[in-house]
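Protein chains: 2
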Amino acid sequence: MTILAVDCMGGDHGPRVTLPACRRFLDAHPDARLLLVGQPEALASFSHPRAKVVPATEVVTMDDSVETAMRRKKDSSMRVAIRQVKDGEAQAAVSAGNTGALMALARYVLKTVDGIDRPAIASPLPNAKGKATTVLDLGANVDCTEQHLLQFAVMGSALVAAMTSEEQPTVGLLNIGEEIIKGNEVIKRAGELLRSAAAAGDLNFHGNVEGNDIFKGTTDIVVCDGFVGNVALKTSEGLASMIGGFLREEFSRNPLTKIAALAVYPVLASFKTRVDYRRYNGAALLGLRGLVFKSHGSADEFAFGQALGRAYDAARNNLLDRVQARIAHARPLLVGSAGDAQLEAITPE
Amino acid sequence: MTILAVDCMGGDHGPRVTLPACRRFLDAHPDARLLLVGQPEALASFSHPRAKVVPATEVVTMDDSVETAMRRKKDSSMRVAIRQVKDGEAQAAVSAGNTGALMALARYVLKTVDGIDRPAIASPLPNAKGKATTVLDLGANVDCTEQHLLQFAVMGSALVAAMTSEEQPTVGLLNIGEEIIKGNEVIKRAGELLRSAAAAGDLNFHGNVEGNDIFKGTTDIVVCDGFVGNVALKTSEGLASMIGGFLREEFSRNPLTKIAALAVYPVLASFKTRVDYRRYNGAALLGLRGLVFKSHGSADEFAFGQALGRAYDAARNNLLDRVQARIAHARPLLVGSAGDAQLEAITPE
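In the order they appear, the protein sequences are chains A and B. Take the first sequence: its letters are residues 1 to 349, numbered as in full-length UniProt numbering. Take the second sequence: its letters are residues 1 to 349, numbered as in full-length UniProt numbering.
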């Protein structure tokens, strides 16, 4: 029995998308239960023998500041969903709500694992090998030290080991060249630390990788600071959207090209499936004493279902224990810095 | 009469690609002259009334360190080409050689413009509006202060104004959110400086932009540090290559899909032209007392020709004077930092 707590109010669409996704998820996973968190009147239409409504009176909107989410909306669906994990009522929480608020609440309610200064956001991206490259951090931490990058590498390895059959996934350090001497000082020191961790058996470190290696699939995991990761992710989304738009435009240019599009419909459909970002929805918030998954805010029913599926897989494959075991093993290298002033500043209540 | 100095030995392919590109360029530009720089025996096959060989005995390889390029190969084709600009023999130099060496040599030979601490690499990328977004820095500077980002914004504005009809191009500051409070400390201070520059009439500052805005074409120019810019560029190259590969695979899956590909050939060809990265080849090295353009190392004849074309346009449109005039105008905001230890370290000879 795997139990997930779902923030049904979060995201751009709220219950209109989350509820149908929950129903489909329950139908596909006979051993799963869901705690549907939100305003009871908004969830009243839903009924399923393996689902239970957990009431929450407030909703964190996509525009709410972290401060509002933390201090003014203490009974938000997002917070109550995370609380279910803290209280042992659920093994993982899933939300499509605003990332900053989710990270801050998760960190405040669940706390970080010993040895981890900062939680990170990790998500798989499709690669040319037909597999996925897991990239972290994707935006939780704008300034990182080499210690943080090492922590990301250890946590990312635990994530990929839990979600795939790859017990020793390869780790690449995102840089602007493959040579050891490339990059800024933090990156160079991170390279040294990652090599030490590899020597100690904590990691399968490949070395430096460049931006193009993410989609090439050179390594299973790519580690970077949250600023760089966020820019890389969003730049990719922008490019994919532009290319998709160009392809649509070319095929709808005139009646002849429209007929051509019909003729090649199966080919285009198959292509579209392969590059469909929605399949990869569901980012893990790693480094917390509980599992939290973040869906894209604009997720549709299919995409939100993918995020539920990822949370379910993580819970069943003991991601939490794996992260903690790997962190414990790497402990001699994790010198635990003095904490994170930027995130700390938002946590006191 | 516009004269370009071409490093004919640089890049992955050397004269095999550069010479045919030069011939085509000369045929298309009746008022242009070229100085073909390289080993005379490698260039002996070429003859054209508006081309002249300038001998250089050495070649900087793609793997040569900056130090080797600077100190051991003093008669390299790359250096001699830049020297032609310094000596007033040519208005711009073009090379497909290794970026680090080209930047270091250009900086050493030409020196930076007053008010500029660090030269930057700027290149146009296609956007969904059917125009181009100019991004800088793309990798010359791994650590940047807010002053550097301001300098990039001013130089990028001069570049776009020189190359397009847009006299007041819009500038976006690459960040992980649109709100002013987003980003790290350098980015926040850079935002303040850019707003001051806009108030003083030095810039048309749009505000923060995110990764997806590059390909959306939200602004004409996107400013970022060289680490982030390089990762964004290479991530895009990797994604474009993956998507192209998937499309090819789908259309060559079986005899039926191959026939389908033939049927839609004109549509696919038109699509391919629109996303063809080669059209955008030719990055400007900005902030030097002379014009230098960098071609992609793997450029083919068409792509190298595009880089020649960009250098030619820049020279004809007085890019150098425009950069200097804009820098002079923005001078009160450019407080000139103490110089760049990292680049300085490689320049003494």
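Some hints here could point you the wrong way.
Copies of one chain are not kept apart here, so a pair can be met inside one copy or by any two copies together.
Unchecked claim - Computed cross-link-like contacts, BS3-like style, restricted to lysine-lysine with a CA-CA straight-line distance of at most 30 Å:
1. Lys258 x Lys131
2. Lys52 x Lys73
3. Lys182 x Lys111
4. Lys182 x Lys74
Just so you know, the hints here were simulated from the structure itself, not pulled from any lab data.
Status of the hints after comparison with the structure:
1. Taking the shortest Cα distances, Lys258 and Lys131 sit within 30 Å of each other only across copies (25 Å), while inside one copy they are farther apart (32 Å).
2. For the homomeric pair Lys52 and Lys73, the shortest alpha-carbon distance inside one copy (22 Å) is at most 30 Å, but the shortest distance between copies (74 Å) is not.
3. Only between protomers do Lys182 and Lys111 lie at most 30 Å apart by alpha-carbon distance; the minimum there is 23 Å, versus 35 Å within a single protomer.
4. For a Cα distance limit of 30 Å, the shortest separation of Lys182 from Lys74 across copies, 24 Å, qualifies, whereas the shortest one inside one copy, 46 Å, does not.
Comparing the model with each numbered hint stated earlier shows that all of them hold.
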